[in-house]
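Novice: Sequence:
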Amino acid sequence: MLELRNIKKDYPMGATVVHALKGVSIQFRRSEFVSILGPSGCGKTTLLNIIGGLDQYTDGDLIINGRSTKSFQDRDWDAYRNHSVGFVFQSYNLIPHQTVLRNVELALTLSGVSRAERRDRAVEALEKVGLGNQLFKRPSEMSGGQMQRVAIARAIVNNPDIILADEPTGALDTETSVQVMELLKEISKDRLIVMVTHNPPLAEQYSSRIIRVLDGQLTSDSNPLTPAELEAERAADAAEVEASRGKKIRKPSMSFATSFGLSLKNLFTKKGRTTLTAFAGSIGIIGIALILSVSQGMTDYINVMQENALSSYPLSIQATNINLTSLIQTFMNLRTEEIDHGLDAVYERPAVRELVTAINNLDVAQNDLKSFKRYLEDQLADPESPLSGALRGIQYSYAISPQVYTKNTDGQIIQSDTTQMMQKLLVSIMGADAMSSPWMAGMTGDSSSMSSMTGMSSMMGGGMMTLWQELLPGDNGAPVNDLLTRQYDLVYGAWPSSYDQVVLVVDENNELDDMTLYALGLIPEDEMMALADGEATASDRKDQWSYEEICGSDFRVILPSSCYSYDEATGLYTDLRESEAGLKYLYDNALKLHVSGIIRKKPDVETTMISGKICYTSGLIDYIVEQAEQSPAVQAQKANPDRDVLTGLPFASRADSLTKAEKEQELRAYIDSLDQAGQAQVYVTIMSQPDTDFVARQVDSMLADMTREEMLSTLSSVLTQQMSVSQEQIDSYVADMSDEELKSTFSQMLTAQMESQYSQQVSQQLAALPDSQKVNALKLAMDGYTPDQWAAYYEVVMEFSESTYEDNLTALGSIDLDSPTAVNLYAATFESKATVEDVIAAYNEGMDELHQISYTDYVGLMMSAVTSIISAITYVLIAFVAISLIVSSIMIGVITLISVQERTREIGILRAIGASKRDVSVMFNAETVIIGFASGLLGVVVTYLLCIPVNMVLHSVTGIQTLNAVLPLPAAIILIAISMFLTLISGLIPSRSAAKKDPVVALRSE
-8 MLELRNIKKD
2 YPMGATVVHA
12 LKGVSIQFRR
22 SEFVSILGPS
32 GCGKTTLLNI
42 IGGLDQYTDG
52 DLIINGRSTK
62 SFQDRDWDAY
72 RNHSVGFVFQ
82 SYNLIPHQTV
92 LRNVELALTL
102 SGVSRAERRD
112 RAVEALEKVG
122 LGNQLFKRPS
132 EMSGGQMQRV
142 AIARAIVNNP
152 DIILADEPTG
162 ALDTETSVQV
172 MELLKEISKD
182 RLIVMVTHNP
192 PLAEQYSSRI
202 IRVLDGQLTS
212 DSNPLTPAEL
222 EAERAADAAE
232 VEASRGKKIR
242 KPSMSFATSF
252 GLSLKNLFTK
262 KGRTTLTAFA
272 GSIGIIGIAL
282 ILSVSQGMTD
292 YINVMQENAL
302 SSYPLSIQAT
312 NINLTSLIQT
322 FMNLRTEEID
332 HGLDAVYERP
342 AVRELVTAIN
352 NLDVAQNDLK
362 SFKRYLEDQL
372 ADPESPLSGA
382 LRGIQYSYAI
392 SPQVYTKNTD
402 GQIIQSDTTQ
412 MMQKLLVSIM
422 GADAMSSPWM
432 AGMTGDSSSM
442 SSMTGMSSMM
452 GGGMMTLWQE
462 LLPGDNGAPV
472 NDLLTRQYDL
482 VYGAWPSSYD
492 QVVLVVDENN
502 ELDDMTLYAL
512 GLIPEDEMMA
522 LADGEATASD
532 RKDQWSYEEI
542 CGSDFRVILP
552 SSCYSYDEAT
562 GLYTDLRESE
572 AGLKYLYDNA
582 LKLHVSGIIR
592 KKPDVETTMI
602 SGKICYTSGL
612 IDYIVEQAEQ
622 SPAVQAQKAN
632 PDRDVLTGLP
642 FASRADSLTK
652 AEKEQELRAY
662 IDSLDQAGQA
672 QVYVTIMSQP
682 DTDFVARQVD
692 SMLADMTREE
702 MLSTLSSVLT
712 QQMSVSQEQI
722 DSYVADMSDE
732 ELKSTFSQML
742 TAQMESQYSQ
752 QVSQQLAALP
762 DSQKVNALKL
772 AMDGYTPDQW
782 AAYYEVVMEF
792 SESTYEDNLT
802 ALGSIDLDSP
812 TAVNLYAATF
822 ESKATVEDVI
832 AAYNEGMDEL
842 HQISYTDYVG
852 LMMSAVTSII
862 SAITYVLIAF
872 VAISLIVSSI
882 MIGVITLISV
892 QERTREIGIL
902 RAIGASKRDV
912 SVMFNAETVI
922 IGFASGLLGV
932 VVTYLLCIPV
942 NMVLHSVTGI
952 QTLNAVLPLP
962 AAIILIAISM
972 FLTLISGLIP
982 SRSAAKKDPV
992 VALRSE
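Residues in the sequence shown are numbered consecutively from -8, following the numbering used here.
Check before you lean on any hint, since a few could be wrong.
To be verified - Under the rule of at most 27 Å between Cα atoms (straight-line distance), these lysine-lysine pairs were calculated in the DSS-like manner:
(1) Lys256 <-> Lys128
(2) Lys128 <-> Lys261
(3) Lys119 <-> Lys180
(4) Lys987 <-> Lys908
What the hints contain is simulated information worked out from the structure, not anything from laboratory work. Keep in mind it's a predicted model, so treat the numbers as computed, not measured.
Take these sequences, add in the hints, and give me the full structure.
Specialist: Shown next, in the form of structure tokens:
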């Protein structure tokens, strides 16, 4: 039973209060047709809204089936409207963008009814009102009577206890009104219908009870409940309350799919505005997406360059590693310290100091590559190690290289090397002074200059400086790695398959530079010198060779160990290459190399690993080492590790480990091995050594008697004689010296002068003595030498080899293949390069600091700097473009607010059928999300289309055909998600505004 107890409703009106209802009390039967009559403004509709839960009473109580509503919350009223009440409005209040079926289904959707049952019940309700054949029409396609019947079907579809009809026939003609009233009368047989009307005849004809209202008070009731009926109704309510005790009433809730569908349908009714809004919102997305596309294209291009560079610039670990990171950062102008001054003046930047500091702080480390090589081999043998899948190949470098010779067109034996010819050409072009330049120092073997030359050659892509190069070996002993066959086309012949085969490398035009052709013996030396002198070459000179001619070239490898022959007269090993006859003998008996094929870089390969022109396999190095171990010279050197078998002199490095007694023993033995003249010279050498203490005392004595002016005068005179500088400059220089500096400089000069004079005087005095007397004097003196004197004279008298034991073995071709001088690790991809670095890090974790492997990834260092710059530029540009994205989001929020105003009546309808405030808010949030999705999707699609002309521009401007702007799919998805998120944020205020709207006011809006 529905019961109103002393219901009052007040409306604030400025400073006054309007009393719409003044203590109304009514009891309604469970099934009856009640009409409420009264003039306009008497409170009929207010009473109906309070009964329907759309409006809240000020005082009193509304009893629903025995339950008071005083403690009802918003969600309780929502459930009441959805489960217990159905509304029929004068203006129908159908949602215009939904079909008839969807309008009726909506209340069931809030109730959580399944889709199939929802459809069946909606169709059944429409058939009851005679609209079973109008399911998919829209309200705008129907007459007023039909729309009112749809409203009735919507009201009864959820089987409510109460139907509230507010002027249901007010907008209908007489015939249609009768049809509607007949329908309502039929419905009232099993439920309560409360109708507000201004038509008394219709009310009297169809209603079972008429209540009249005037000025907010009941004036009459034609059929109130009798005391017996009231007692029976209340007993039924009590039983119903008891039966429902403990049962939880399901709160109505609109699913996201329903919210999405309502919003989508609404947006489709405004296609033009929705499209323009989505396009405006997509502008920011397009800007960011284009920036990301170009940035990604640059990043992809750099990554491709990095991966290609992995073959040319492997992870190289040297036996002696010099960390040049700080130096590279200095050259790249990367500051590591913060600026601590303002911008009010011009300040010094210590570039030279930073450079000098970087050079002085170079980190030099020795790597134990023997242990590391063993570790790598163990890792590769382990099937579970990540290293095997991360590497394309490993190359071990050693301190030897093949000495290749050939005959030129004149039949002259020449070393197949560009170094000597480059030296001659530079001397011819630049003059003899070029011999002292860093270039020539590099050519003649100076290690420091050679290092810079190698670096320059590498930066120039190899150029003419690299001729012979070892090929990267493959897996399981294969002479050629698959990486090479992927980078190079085989123009002629075959790849090397044994240690005595080589391959020739031509450029993309099948050309070889003239310096290489000379080294191959195809251009005579005279012609090269003529080119250096600027002379014209003969018109009939040969400038092309067939593949067969090239592959028929004769190259010989002279083994280092076979170059030295034992001389019985001296007991030493002499180098046969020092004579033409010896060189011819070595050439005729040398290992013959066969050119097995000719290769050329593939057109689609950007960076390759071969910088040389002729390539041999690692098997050739193994063969050289193997043959060296059988050489008599190597065996003799190993048998006598203290003495150089090539010069007969002892190794200087051994002297550091000798005791004073051992030095005395060796020096005595050395003196005994000399002839009379040699022993006499030893005596002169020993006697010429001045007593350092005596010299120091003499110098101190002389300095004590000299004034500053005397020192300045003497020093200035000496320096003027030694230096090609004017007297005035020297005087100025020495005058600026402090007393301490002047005394130190003068002392050094006096000491050197006295030692020299002493040595000359002794030599002159002893020159008059015959060698026999000198020898006798030496023997007498030797008996009185102390151990310290023997040790001192050992350093002065003994003559040492300029080489070392290790250098001699290397020169003879004897090396330890388990101890490389460098390890080059070729990663399969740039990602797997990180895996290789992890493996090295794992190795270092198990080693002490002295045995850890250190290296510098120069390519990664430089590439990371470039990538960081590109990323920084990208972030700045995105920050600027993001402003337009935020503006677009604000605009979408404004559009959503307008949509809220346009859909105000729809909000009232949804609240009337039980939708909560949250449901309304979610519906408008769904609308903003849809617009955000459309904006993001449109922006992404437009970006993909714009990438086509952008790529054309990039190719034209940069000339790089592989540089392509591309928006990655994950980035596109993220941008769409960002667009949806921003529009959702921008729609929060409009959606909250919609949720707060009063449903009564919303239903009155137009």
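Novice: Does lysine 908 lie within 27 Å of lysine 987 when you go C-alpha to C-alpha?
Specialist: Given that 27 Å is the threshold and the Cα spacing comes to 7 Å, the pair holds.
Novice: Hinted pair, alpha-carbon criterion (27 Å max): lysine 119, lysine 180. Please report holds or violated.
Specialist: Satisfied, since the Cα-Cα distance of roughly 14 Å is no more than 27 Å.
Novice: Mind checking the alpha carbons of lysine 256 and lysine 128 for me, to see if they're no more than 27 Å apart?
Specialist: holds, 14 Å
Novice: Quickly compare the C-alpha distance for lysine 128 and lysine 261 to 27 Å and report which way the hint goes.
Specialist: holds, 19 Å
In this structure, none of the earlier numbered hints is contradicted; all agree with it.
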